[in-house]
Amino acid sequence: MLRAKRILGVVARQVFLYRRSFSRILDLFYWPTMDILLWGFLTLYLERGTLHLPRFVSFFLGALILWHILYRSQIAVSVSFLEDIWSRNLLNLMVAPLTLTEYMLGLITVSLIKVSLAFTIMASLAGLFYGFNIFKLGVSLIPFVVNLLALGWAIGFVTIGFIFRFGQEAEILAWALAFVFLPLSAVFYPLSVLPPIIRDLAWFTPSAHVFEGMRAVIENGTIPLRHLIWATGLNLAYLSFGAWFMRRQYEYAREKGTIPKIGE
Amino acid sequence: METVLEVRNLVKDFGGHRALSGVNFVLSRREFLGIIGPNGAGKTTLLNCLLGLITPTKGEIRFFGLELEKHQVYILSRINFASNYVGLPLSLTVFENLVVYGLLYGVSEIKARAERLLKLFGLWEMRNQKTRHLSSGQMMRLCLAKALMNDPEVLLLDEPTAGLDPEIAERVRKLIKAYQREKGLAVIFTSHNLHEMEELSDRVILLNKGQILAEGPPQELCRRFGAKNLEEAFFKALDLWEAENVEG
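Protein chains in written order, with UniProt numbering: chain A, 1 to 264; chain B, 1 to 248.
One should not assume that every hint holds.
[Said to hold, decoys possible] Result set (SDA-like, lysine to any residue): computed pairs, CA atoms no more than 20 Å apart in a straight line:
1. B:Lys58 <-> B:Asn24
2. B:Lys70 <-> A:Tyr252
3. A:Lys5 <-> B:Gln72
4. B:Lys130 <-> A:Leu42
5. B:Lys177 <-> B:Arg30
6. B:Lys174 <-> B:Trp124
7. A:Lys261 <-> B:Gly16
8. A:Lys5 <-> B:Phe95
9. A:Lys261 <-> B:Gly15
10. B:Lys70 <-> B:Tyr85
11. A:Lys261 <-> B:Gly52
12. A:Lys256 <-> B:Gln72
13. B:Lys228 <-> B:Arg181
14. B:Lys58 <-> B:Trp124
15. B:Lys183 <-> B:Leu118
16. B:Lys70 <-> A:Lys136
17. A:Lys261 <-> B:Tyr85
18. A:Lys256 <-> A:Glu169
19. B:Lys183 <-> B:Leu194
20. B:Lys70 <-> A:Tyr250
21. B:Lys111 <-> A:Ala4
22. B:Lys70 <-> A:Leu2
23. B:Lys209 <-> A:Gly257
24. A:Lys5 <-> B:Val73
25. B:Lys236 <-> B:Gly216
26. A:Lys256 <-> B:Asp13
27. A:Lys136 <-> A:Ile121
28. B:Lys70 <-> A:Pro97
29. B:Lys183 <-> B:Ser28
30. B:Lys177 <-> B:Lys130
31. B:Lys70 <-> A:Arg254
32. A:Lys261 <-> B:Glu159
33. B:Lys130 <-> A:Lys256
34. A:Lys256 <-> B:Gly22
35. A:Lys261 <-> B:Gly40
36. B:Lys174 <-> B:Lys228
37. B:Lys70 <-> A:Glu169
[What the hints assert, rightly or not] Estimated spans, in silico, between C-beta atoms of each pair:
38. B:Glu67 <-> A:Leu26: 46 to 54 Å
39. A:Ile229 <-> B:Glu6: 51 to 59 Å
40. A:Tyr252 <-> B:Asp151: 39 to 47 Å
Hints were generated in silico from the structure; no laboratory data involved.
For every residue, glycine included, the Cβ atom is placed at its ideal position computed from N, Cα and C.
Same shape as in the complex, but just chain A (with noise of 0.2 Å):
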């Protein structure tokens, strides 16, 4: 049975974290911020410049802030994770009477306050400096951000599996992982420019339908329902098997004894 209070145990544990300690609060604004504000005004410069690019502003921005919620909710997951290595406290909270499924639901919950923080930062600069409002996306932005949630969280789980299974020597996939997805979601670029191979593995990755659906919400005002239901469809079987995979590499890891050497 899910017990909400060792949920809240999960959570408590990294917000009481963040309020305290200043670089992982910097962290949490400078990238976004960085990312916004250059990107912001190359895009702007290019859209103004010689290139005439028509609404390169909008799907640029649009862009990167959504692919900002992918990155940052995978990274929530992975580093929310990785921290209690880091304290060797990792087996105190493996020999807690929590199940897998509620540390999940506690990495997601961390996950959804720290990506609303950075969403916040960058819906708000794009606002400020460059007249974008991402919210013009409409009903629409619900789903989008929930499938980008969602592959997120699937991403983050895989690499905690990967960590249980081999050691926190594979740690450096929690800022890696993510950019595997980069190319094929054709996040900054229609599908259509993609070679056929790689525009058939996309069709694949949840993420090329949200960037899809996004350019087409913008570009004509209409919700693309199919690309909606493969992102979605897509993201259940992503999200089940992340979380199938770090309950297996967890599995393995007690069967070979590794848990608690994790770390050291």
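Please build the complex by placing chain B on the supplied structure of chain A, with the hints as guidance.
Chain B in isolation, oriented as in the chain A frame:
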């Protein structure tokens, strides 16, 4: 006395290496059980099996009559663990750490419980300090406070005094023993310090290469091996085992 833990024919293989080889023992309520053995004897593997961190290859672990593998979450809510080798988040305050574990263990009246334990362990004045500012002795006392947050019926302690200077180690020992007597909890305790084992334990298990060489109250073991103290008994038991195995 009521049995709180039963370990039957516990075997753990890591590849071709047998870390635990048919370990059997029981633990009664209010009992203080010491586990001693040289490095690689299987003490930590045994504790990790009892905590569900390692899946045994064979055998059965039952807490309160329930099989650990099937009732892990429920059992973990009634036991707890502390080790000198396992830390707590250093960026959280002393109090926050206990609040987090209070939530994870589903403790009611978390703040009152944390306050009581911090006072008991002499950490109340430091409650708002970041855990990173604690000395190693204070850190161990905080780990013990964490381990008692859920008012456990069985407490597993992995070398809780390792690396502490003698005065602080003595203080930690007294705190553990006093709490154990007051609350009547069952304790499993591993240590390399045989003097402390003799002082604290009602019963001792001598473990070597994953096998139990001997078990019993410290005085009885001394008598059985004709030894002046537990340390001597331990070495005599080891010599006897090696002689039998070489001959065998």
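Tested hints:
1. B:Lys58 <-> B:Asn24: Distance ~12 Å between Lys58 (chain B) and Asn24 (chain B) Cα, so the pair holds.
2. B:Lys70 <-> A:Tyr252: holds (17 Å)
3. A:Lys5 <-> B:Gln72: Holds, at about 18 Å.
4. B:Lys130 <-> A:Leu42: Judged against 20 Å, a Cα distance of about 43 Å means the pair is violated.
5. B:Lys177 <-> B:Arg30: Holds: Lys177 (chain B) and Arg30 (chain B) sit about 11 Å apart, inside 20 Å.
6. B:Lys174 <-> B:Trp124: Distance ~18 Å between Lys174 (chain B) and Trp124 (chain B) Cα, so the pair holds.
7. A:Lys261 <-> B:Gly16: The hint holds at about 19 Å.
8. A:Lys5 <-> B:Phe95: holds (17 Å)
9. A:Lys261 <-> B:Gly15: holds (16 Å)
10. B:Lys70 <-> B:Tyr85: violated (28 Å)
11. A:Lys261 <-> B:Gly52: Since the Cα atoms of Lys261 (chain A) and Gly52 (chain B) sit roughly 15 Å apart, the hinted pair holds (cutoff 20 Å).
12. A:Lys256 <-> B:Gln72: holds (18 Å)
13. B:Lys228 <-> B:Arg181: It is violated: about 27 Å lies between the C-alpha atoms, which goes past 20 Å.
14. B:Lys58 <-> B:Trp124: Between Lys58 (chain B) and Trp124 (chain B) the Cα gap is close to 45 Å, so the pair fails against 20 Å, i.e. violated.
15. B:Lys183 <-> B:Leu118: Distance of about 17 Å is within 20 Å: holds.
16. B:Lys70 <-> A:Lys136: Violated, because 51 Å separates the two Cα atoms, which is more than 20 Å.
17. A:Lys261 <-> B:Tyr85: holds (11 Å)
18. A:Lys256 <-> A:Glu169: Since the Cα atoms of Lys256 (chain A) and Glu169 (chain A) sit roughly 17 Å apart, the hinted pair holds (cutoff 20 Å).
19. B:Lys183 <-> B:Leu194: Violated, at about 25 Å.
20. B:Lys70 <-> A:Tyr250: holds (16 Å)
21. B:Lys111 <-> A:Ala4: Judged against 20 Å, a Cα distance of about 18 Å means the pair holds.
22. B:Lys70 <-> A:Leu2: Holds, at about 16 Å.
23. B:Lys209 <-> A:Gly257: With a Cα-Cα distance of about 17 Å, the restraint between Lys209 (chain B) and Gly257 (chain A) holds, given a limit of 20 Å.
24. A:Lys5 <-> B:Val73: holds (14 Å)
25. B:Lys236 <-> B:Gly216: holds (15 Å)
26. A:Lys256 <-> B:Asp13: holds (9 Å)
27. A:Lys136 <-> A:Ile121: holds (17 Å)
28. B:Lys70 <-> A:Pro97: holds (13 Å)
29. B:Lys183 <-> B:Ser28: Holds, because 14 Å separates the two Cα atoms, which is no more than 20 Å.
30. B:Lys177 <-> B:Lys130: Violated - the C-alpha atoms of Lys130 (chain B) and Lys177 (chain B) are around 28 Å apart, more than 20 Å.
31. B:Lys70 <-> A:Arg254: Holds, because 15 Å separates the two Cα atoms, which is no more than 20 Å.
32. A:Lys261 <-> B:Glu159: holds (16 Å)
33. B:Lys130 <-> A:Lys256: violated (35 Å)
34. A:Lys256 <-> B:Gly22: Holds, at about 18 Å.
35. A:Lys261 <-> B:Gly40: At roughly 15 Å apart (the allowed maximum being 20 Å), Gly40 (chain B) and Lys261 (chain A) satisfy the hint.
36. B:Lys174 <-> B:Lys228: violated (24 Å)
37. B:Lys70 <-> A:Glu169: violated (32 Å)
38. B:Glu67 <-> A:Leu26: 46 to 54 Å: holds (48 Å)
39. A:Ile229 <-> B:Glu6: 51 to 59 Å: The hint (51 to 59 Å, Cβ to Cβ) holds, given that Ile229 (chain A) and Glu6 (chain B) are roughly 54 Å apart.
40. A:Tyr252 <-> B:Asp151: 39 to 47 Å: violated (34 Å)
When held up to the earlier numbered hints, the structure conflicts with 4, 10, 13, 14, 16, 19, 30, 33, 36, 37, 40 and fits the remainder.
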